[in-house]
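Visitor: Line order of the protein sequences matches chains D and V. Just so we're aligned, residue 2 is where the first sequence starts under my numbering, counting upward by one. Just so we're aligned, residue 979 is where the second sequence starts under my numbering, counting upward by one.
There's no promise every hint is true.
DSBU-like, lysine-lysine: derived pairs with alpha carbons at most 30 Å apart [to be verified]:
(1) D:Lys44 to D:Lys155
(2) D:Lys189 to D:Lys17
(3) D:Lys17 to V:Lys1056
(4) D:Lys155 to V:Lys1056
(5) D:Lys44 to D:Lys86
If you want the footprint, here are the derived chain V segments under chain D, 3+ residues with CB under 8 Å [claimed, not checked]:
(6) 1014 to 1023
(7) 1029 to 1042
(8) 1115 to 1128
The hints are simulated quantities; they were obtained by calculation from the structure and are not laboratory data. For clarity, every value in this text was computed on a predicted model and none was experimentally measured. Glycine included, each C-beta is placed from N, C-alpha and C at the ideal position.
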Amino acid sequence: MRWLLLKDLQILRRSKLLVGLLVVYPIAIALLIGLALSRGPDKPAVAFLNQVPLGQAVTNVGGEEIDFSRYADEIFEAVDPVRVKTRAEAIEKVESGAALAALIIPPDVVDRLNGGLGQAEIEVLYNGDALKQSYVQATIDSQLARANAALSAKIRDVAVEDLAVLTDGGEIHTPIGSHDLLGLRTAKEILAATLAELPADAPVRAGIERVDDFAGQALIGLGFATPALRAVSAPIQVETTVLSGSRTPLDAYAVALAVAVSLLLVSVLLAAGVLALEREEQAYGRLVRGLVAKTTLLAEKIALAAGCSALVGLAMLCGIGAFTGVDWSRFGLWIAALAAGALGCSALGVAIGALAREVRAASLLGLLLALPLAFLALVPSGAVAGGLYDVVRVVNAAFPFKPTLQALDAAVNGAEPGLWGSVAHLLALTAAFAALARLALRRFTA
Amino acid sequence: MSTEARGVTKRFGERIALRDVSLSVAEGELLAIIGPNGAGKTTLLSILAGILEPDAGELSRPMREIGWVPQQPAVYGKLSVRENLLLFARLERVADPAAVVERMLAQTGLADRADDELGTLSGGNRQRVNIAVGLLADPPVLLLDEPSSSLDPRQRERLWRFVDGLARENRTAVVFTTHNVAEAERWADRVLVLADGEVVFTGTPAELRTAEHHEERTDFEGAFVRFLRERGH
Chain D
2 MRWLLLKDLQ
12 ILRRSKLLVG
22 LLVVYPIAIA
32 LLIGLALSRG
42 PDKPAVAFLN
52 QVPLGQAVTN
62 VGGEEIDFSR
72 YADEIFEAVD
82 PVRVKTRAEA
92 IEKVESGAAL
102 AALIIPPDVV
112 DRLNGGLGQA
122 EIEVLYNGDA
132 LKQSYVQATI
142 DSQLARANAA
152 LSAKIRDVAV
162 EDLAVLTDGG
172 EIHTPIGSHD
182 LLGLRTAKEI
192 LAATLAELPA
202 DAPVRAGIER
212 VDDFAGQALI
222 GLGFATPALR
232 AVSAPIQVET
242 TVLSGSRTPL
252 DAYAVALAVA
262 VSLLLVSVLL
272 AAGVLALERE
282 EQAYGRLVRG
292 LVAKTTLLAE
302 KIALAAGCSA
312 LVGLAMLCGI
322 GAFTGVDWSR
332 FGLWIAALAA
342 GALGCSALGV
352 AIGALAREVR
362 AASLLGLLLA
372 LPLAFLALVP
382 SGAVAGGLYD
392 VVRVVNAAFP
402 FKPTLQALDA
412 AVNGAEPGLW
422 GSVAHLLALT
432 AAFAALARLA
442 LRRFTA
Chain V
979 MSTEARGVTK
989 RFGERIALRD
999 VSLSVAEGEL
1009 LAIIGPNGAG
1019 KTTLLSILAG
1029 ILEPDAGELS
1039 RPMREIGWVP
1049 QQPAVYGKLS
1059 VRENLLLFAR
1069 LERVADPAAV
1079 VERMLAQTGL
1089 ADRADDELGT
1099 LSGGNRQRVN
1109 IAVGLLADPP
1119 VLLLDEPSSS
1129 LDPRQRERLW
1139 RFVDGLAREN
1149 RTAVVFTTHN
1159 VAEAERWADR
1169 VLVLADGEVV
1179 FTGTPAELRT
1189 AEHHEERTDF
1199 EGAFVRFLRE
1209 RGH
């Protein structure tokens, strides 16, 4: 087996283009992912037209000044504003691609907020491809929701204060001036004192009793109003509990995913290619004619592809680790996950190589199988119908990509369901695909 | 007798590729297997080489004692001539691989191209390496499957002189298949004619001419074709 291994390494060393692709491709992916994860996404450019007259963005709510332009800053945290002076200029920026969207604040927005003329409206214009539009729309929607929440919280606080003054008395501020209110509680006390001094048959007694009764009921009613107001400003609070599955943050999961995809492609293409090469070079018949057992030949190809792809995967992990905060103390677990994943994917590769007579056919078959496998492994539960998801789960379990991803996620990020279950799964798949390859080789005599 | 096959039969599904074929070849003898396309020549050679299992029949020699040279050069284009020979010598477990390789390079006249990648050699030289690999273990019997099919006339001449030398000087028993009946007439000591999986003639080329009953005897190829036609093939 060592002479065959040596021969294949010599051939690889002389296949500069192939080796170049096998080395450059994963390193390029590692660098791209590392840079992308370390820098975060750029803010989308959004044209911004503020038609509110200068100095009128500030209003008084319940005696407290609210500057609405401060809430616009919420939006600017997530977008790169391109300030424009007219609506036409805003449209031109979007149409020319200088901005992905335009946000127009109409001149009456403060009056509407302030004067109860209805909901304040702002205008958003989109252009560009569906993906960018979706991204910008989601960004603006989420930032508007934050601004709405902040504004409504402010208004709620003022309303709660006013309710307290109405109940307990004190100074209240309105657009027409400040007033000192008696308060329902004090009013009820005065009424109670007055009623106590009135003769039982006084003609005004019945009227005063009705007013006293109203004050009591109003106090009870307003007692419920304050918590109700607080609830309306944030009616639902979310408490998140992950019951099962990965708790890995998206960027850390992306590290495992990038390495798993490269491991799959390098293992499958290399294993399928080197086995198919034996037949393309016509050497297969000569080799299995007593020189090498077919099982030994398959083991050699699996070992070669697994070794090379595990090295490439390790280089990728180290490359990504240089940019991101991976836990280097888990290095030993990385090796275990890489080795098991590489063995499983290489065994799949030889099964594919055993079906093809030429390297090109084997490579095409490998790609045709590897890409859907990677796609299916990323289908989340709930994204498709229940029955279909069961099929996806079976496919994922029958091929080595998903277990490789899980093993790497567990090794790199400590994700559930843990490393050793995935390693055992991968070793079982290695044996199964090697046996399948051995069966497939029976088709060929030379 | 260097090697012998008795009553060999091979089926592929319903089709009978070989029916009760027997042959023998002596030490130092050149035996040509000729016949039309689909006659079963390569199947017979593959069974003699141990690549295919016969459904019936017996072979006198085990596979490891027989050198096999497939029709297409079964060597690696990215390795040099020496690396190819060294690889197969090691896999053949010959006693001193390096010495055997040097001897084979000298014998095949490839010493000056020993370090060239095989992919850079001409078809004739590649075929010589292909044959050299078949001879590494110094087998008493050598099987050649259409060895000259991809060569030009000059390369063919050099190849057959080399093969003839193996038989005459090394006393190697050589069995080869060919479509070129003129080559069979010129280089073979005996010919075995296969048609539809059956042996229809075994003898010297001269005996084949005699066996064909046409009065207008032109060349060996014409005689071969008429021989087959007379027997309904």
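Visitor: All the hints need checking, so say for each whether the structure fits it.
Guide: The hints, checked one at a time:
A hinted pair counts as satisfied when its Cα atoms are at most 30 Å apart, and Lys44 (chain D) with Lys155 (chain D) qualifies at roughly 28 Å. Among the hinted pairs, Lys189 (chain D) with Lys17 (chain D) is inconsistent with the structure: their alpha-carbon atoms are about 95 Å apart, more than 30 Å. A hinted pair counts as satisfied when its Cα atoms are at most 30 Å apart, and Lys17 (chain D) with Lys1056 (chain V) qualifies at roughly 11 Å. For the proposed pair Lys155 (chain D) and Lys1056 (chain V), the alpha carbon gap of about 76 Å is over 30 Å, so the pair is violated.
For the hint pairing Lys44 (chain D) with Lys86 (chain D), the CA-to-CA distance comes to about 21 Å; that is within 30 Å, so the pair holds. For the segment 1014 to 1023 of chain V, the proposed coverage by chain D is not satisfied: 0 residues have a C-beta within less than 8 Å of a C-beta in that chain, short of the threshold of three. For a cut-off of 8 Å, the count of residues in the segment 1029 to 1042 of chain V with a CB near a CB of chain D stands at 4, and the three-residue condition holds. Counting residues of the segment 1115 to 1128 of chain V whose C-beta lies closer than 8 Å to any C-beta of chain D gives 0; at least three are required, and the coverage claim is violated.
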